[in-house]
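Enquirer: Could you put together the complete structure from these sequences and hints?
Same order as they appear, the protein sequences are chains X and R.
Going by the numbering used here, the first sequence opens with residue 1, and the numbers climb by one from there.
Going by the numbering used here, the second sequence opens with residue 300, and the numbers climb by one from there.
Bear in mind the hints are in silico, worked out from the structure with no lab data behind them.
These figures come from a predicted structure and were not determined experimentally.
Keep in mind that a hint or two might mislead.
Claimed, not checked - Between beta-carbon pairs, the in silico distance windows are:
1. Phe71/X with Thr337/R: 51 to 61 Å
2. Gly460/R with His108/X: 48 to 58 Å
3. Glu198/X with Glu454/R: 40 to 50 Å
4. Leu476/R with Glu198/X: 31 to 41 Å
5. Val258/X with Ala548/R: 44 to 54 Å
6. Leu476/R with Phe71/X: 52 to 62 Å
7. Leu391/R with Pro158/X: 27 to 37 Å
8. Phe124/X with Leu366/R: 21 to 31 Å
9. Leu423/R with Ser22/X: 24 to 34 Å
All C-beta atoms, glycine included, are put in the ideal place defined by N, C-alpha and C.
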Amino acid sequence: MKSAVARTSRLERLIERSETASALALLSPSLIVLLVTLAAPMALLLLYSLWTQNGVALDTRPTLAQYAAVFSRAGYLALFLRSVAISSLVTLVTVALAYPMAYFVAFHVTRAKFIWLILLNVPFWTSYLLRVFAWKVILGFDGVINSGLMRLGLIEKPLAFLLYNPTAVVVTLAHAYAAFAILPIYVSLEKIDRSCLEAAADLGDGPFRRFLRVTLPLSLPGIIGAAVLIFVPTTGDYVTPTLVGGSDGVMIANLIQVQFGRVNNWPLGAAMSIASMAAVGALAVLVVQAARASVARIR
Amino acid sequence: MRVYAFLYLAFLYVPVLLLPVFSFNNSLFIAFPLSGFTTRWYAEMAADSEMHAALANTLKVGAAASLSSTILGLLAAKVLARGNLRAGGLFLGLTSLPLFIPEIVLGISLLILVTSSGIGLSLLSVAVGHLLICLPFAIAVLMSRLEGFDASLEEASRDLGEDGWMTFWRVTFPLALPGIVSSLLLTFIVSFDDFMIAFFLCGTDTTLPVYIFGELRFPNKLPGVLALGSTILIASAAMIVFAEWVRHAGMRLNQYRTIGRA
Chain X
1 MKSAVARTSR LERLIERSET ASALALLSPS LIVLLVTLAA PMALLLLYSL
51 WTQNGVALDT RPTLAQYAAV FSRAGYLALF LRSVAISSLV TLVTVALAYP
101 MAYFVAFHVT RAKFIWLILL NVPFWTSYLL RVFAWKVILG FDGVINSGLM
151 RLGLIEKPLA FLLYNPTAVV VTLAHAYAAF AILPIYVSLE KIDRSCLEAA
201 ADLGDGPFRR FLRVTLPLSL PGIIGAAVLI FVPTTGDYVT PTLVGGSDGV
251 MIANLIQVQF GRVNNWPLGA AMSIASMAAV GALAVLVVQA ARASVARIR
Chain R
300 MRVYAFLYLA FLYVPVLLLP VFSFNNSLFI AFPLSGFTTR WYAEMAADSE
350 MHAALANTLK VGAAASLSST ILGLLAAKVL ARGNLRAGGL FLGLTSLPLF
400 IPEIVLGISL LILVTSSGIG LSLLSVAVGH LLICLPFAIA VLMSRLEGFD
450 ASLEEASRDL GEDGWMTFWR VTFPLALPGI VSSLLLTFIV SFDDFMIAFF
500 LCGTDTTLPV YIFGELRFPN KLPGVLALGS TILIASAAMI VFAEWVRHAG
550 MRLNQYRTIG RA
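Expert: So this is what it looks like as structure tokens:
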């Protein structure tokens with residue numbers, strides 16, 4: 001008896017080990033790709049941030065001089081704060097506008113949900129560059145809004161404040177990232193067990209209280225996911241500030257790109273990138289914790 | 300609520316729909332009032348040989364990136380969908396990491412890698428960079444397709460004598476096909492539209508987004524860019540709708556997958 005049991009469990013362990021082995025074998029190509037295209041470049045980025053550019057030559061003695069330069073330049077700090085401010089505004093506006101839309105599709109659409117989802121999905125997959133270009137065209141001095149308003153007789157001279165400033169950046173980013181907000185929020189709303197809402201109604205909660213006490217907290221993971229999915233990439237956005245930001249709407253990505261372009265100071269650019277990523281990451285974590293804490297208090 | 304929903308859809312679509320509208324406008328200025336219908340911008344765009352080269356490059360890179368990411372994604376999704384690998388969540392997080400890192404950082408870090416390792420700027424570098432950003436999408440699409448995949452189908456195939464490769468070809472592959480098609484299309488679009496990574500890695504052979512970005516500096520080329528942009532938008536919208544339709548058709552076929560169970 002004992003030997004039969006022992007043999008079976010050894011066989012099971014063998015099978016388990018070969019399953020894990022075959023699983024790892026299937027995952028290994030992707031892991032190699034990740035190692036080469038993500039881990040190695042990031043490690044090199046970190047290394048570069050510790051070096052110095054001396055004219056044409058690269059001084060590879062490790063030093064924190066680049067980080068010191070990053071944190072001591074007032075211009076960089078101001079630019080970083082402006083980028084964070086723009087991204088925060090974009091995140092707030094985008095999530096606030098997207099939530100009712102996602103709520104509508106999750107709760108108020110009974111037939112043809114599929115069509116609504118495709119309609120909301122399509123903008124997500126279209127070229128980001130073209131969407132920014134569309135806004136450049138719309139907000140321009142000779143652009144669609146100005147010429148349209150002038151044609152309608154509502155204004156006499158074109159509005160100059162529409163383009164090449166932070167407002168244009170915010171509007172464009174909010175539009176471009178709208179699709180990133182809808183899908184996570186929709187998915188989390190769709191997952192909510194409708195019987196929780198029924199129970200709340202049975203226990204006497206009106207529709208507004210039901211929303212506040214059941215729907216909102218349960219959809220929080222989707223809201224947080226959408227917020228992070230918008231906030232982190234928009235702080236590092238390059239295309240929108242370049243096309244519609246002008247000199248007032250410059251963001252840190254522009255400054256970083258210049259280090260790898262005409263300024264040719266790769267170590268400084270690397271240090272800027274890592275410093276920005278770390279700061280934005282820390283901010284995102286803080287905001288997520290704060291959001292979770294404040295909703296817990298509602299409950 | 301309904302009104303809001305339609306207004307929101309309008310907000311999403313109108314700016315983008317303006318591109319085709321003005322691409323047929325007979326004027327160098329993208330402004331109202333409209334000055335008559337013309338297709339000359341499309342003719343101008345079609346005759347642009349620089350654009351043709353960029354388009355060819357973009358198609359090559361897109362094909363490479365979508366094929367490679369779908370294959371790798373299929374292998375990974377097969378493992379992850381089974382759900383009993385403990386490190387599966389960690390792997391998923393790692394592959395999704397590129398979505399949370401600003402593209403400029405991805406671009407410059409890859410730039411550093413290819414220049415310091417001597418690989419150099421080329422379409423191959425762009426394709427590898429695109430593989431990185433396409434992989435999460437491929438895995439997501441294929442995982443949702445392979446979820447609840449009945450392993451007993453494969454076991455039955457093996458019991459009946461097929462080896463591993465033929466089992467994959469005759470059992471797994473046909474069932475995963477809608478997901479594979481969907482993944483190929485979606486990753487192709489991701490690669491096709493990518494600007495940042497191509498911007499840093501392409502060197503002298505430009506891709507279409509990089510070419511368009513360069514053209515945006517010239518005001519008299521703007522209507523031509525509109526024509527090009529409109530064409531791209533309509534083509535990718537058609538591809539997306541098709542990809543989603545394939546995915547949903549595949550999901551409806553799921554009801555016939557109980558053949559593995561008694």
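Enquirer: Measuring from beta carbon to beta carbon, are Leu423/R and Ser22/X in 24 to 34 Å?
Expert: Hint holds: Cβ distance 30 Å, inside 24 to 34 Å.
Enquirer: Please check whether Val258/X and Ala548/R have a Cβ separation lying inside 44 to 54 Å.
Expert: Given a distance of about 48 Å, which is inside 44 to 54 Å, the answer is holds.
Enquirer: Using the Cβ atoms, figure out if Leu476/R sits within 52 to 62 Å of Phe71/X.
Expert: Once the Cβ atoms are compared, 54 Å apart, the range 52 to 62 Å for Phe71/X and Leu476/R holds.
Enquirer: Within 48 to 58 Å or not, the Cβ separation of Gly460/R and His108/X?
Expert: 54 Å, holds
Enquirer: Assuming the hint says 51 to 61 Å, is it satisfied by the Cβ distance from Phe71/X to Thr337/R or not?
Expert: 55 Å, holds
Enquirer: Given the range 21 to 31 Å, decide if the beta-carbon distance of Phe124/X to Leu366/R lies inside it.
Expert: 23 Å, holds
Enquirer: If you check the beta carbons of Leu476/R and Glu198/X, does the distance land in 31 to 41 Å?
Expert: Roughly 40 Å apart at Cβ, these two residues keep to the hinted range, so it holds.
Enquirer: Within 40 to 50 Å: is that where the Cβ-Cβ distance between Glu198/X and Glu454/R falls?
Expert: 42 Å, holds
Enquirer: Is it true that the C-beta distance of Leu391/R to Pro158/X lies inside 27 to 37 Å, as the hint says?
Expert: Hint violated: Cβ distance 50 Å, outside 27 to 37 Å.
Of the numbered hints listed earlier, the single one contradicted by the structure is hint 7.
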